[in-house]
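Q: For reference, the chains in residue letters:
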Amino acid sequence: SAVISQKPSRDICQRGTSLTIQCQVDSQVTMMFWYRQQPGQSLTLIATANQGSEATYESGFVIDKFPISRPNLTFSTLTVSNMSPEDSSIYLCSVERTGGLEAFFGQGTRLTVV
Amino acid sequence: AQSVTQLGSHVSVSEGALVLLRCNYSSSVPPYLFWYVQYPNQGLQLLLKYTSAATLVKGINGFEAEFKKSETSFHLTKPSAHMSDAAEYFCAVSDPGANSKLTFGKGITLSVRP
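So the protein sequences, as listed, match chains A and B. All you need for the numbering used here is the position in the first sequence, starting with 1, plus 3. All you need for the numbering used here is the position in the second sequence, starting with 1, plus 25.
Just so you know, the hints here were simulated from the structure itself, not pulled from any lab data. Here the structure is a predicted model, which is why all the values come from computation and not from measurement. Watch out, some of these pointers could steer you wrong.
What the hints assert, rightly or not - With the Cβ distance kept under 7 angstroms, some of the chain B side facing chain A (calculated, not the full set): (1) 26; (2) 69; (3) 71; (4) 129; (5) 131; (6) 132; (7) 138.
Said to hold, decoys possible - If you want the ones that stay clear, here's a sample from chain B, every Cβ over 12 angstroms from chain A, calculated: (8) 54; (9) 68; (10) 83.
Where a beta carbon is used, it is the ideal one built from N, C-alpha and C, also for glycine.
All chains, please: the whole structure from these sequences, using the hints.
A: Have a look at this one:
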């Protein structure tokens, strides 16, 4: 398995501001994924982050709103920019262990925008 | 495109009763299938996975699921519910060539009555 640490675990932010969420993995991984879980909803993939290349965004998500960094094989950040109350969600980092057939998830960041 | 259908949003069983959580999928290629559990205020934990080996898959905490290609189903069962099983359960599908990029169902909340 992989141990994934996300920071912060929760935050309350003012609308119009930005929040950067960090995801640290205890081992090198090829693929890192960022998901959003809106209240009462399932998980939706925001983007896939590979080290050394631009993140690949899913339909409905854009880099200006959710910029992602992947500086090395154990770390990634997701920024939620110019936040509005609609961005209130749980944001989860997920990794695929190299050669593995399953994804592991962090504890999530519970974001409330007021 | 892949999709997952989890009918209903809430299942309630008595402690000791059979747990049956339904999942149907749609995929243009033989998929990988997963069940994840999410306890309150926690991230997702993998219960079990099907990756084209045995069609009856055993997971953690006494759960198992059977892949039925003819029915495009991957229902999750447990013979005897325990209070600690109360959580949200997500079925997910991935394309074997898509490197753990998961498509999730809406999730089912399982309640266990004493």
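Q: Taking each numbered hint in turn, which are not upheld by the structure, reported in ascending numerical order?
A: As far as the earlier hints go, 1, 7, 9 are violated by this structure, in ascending order.
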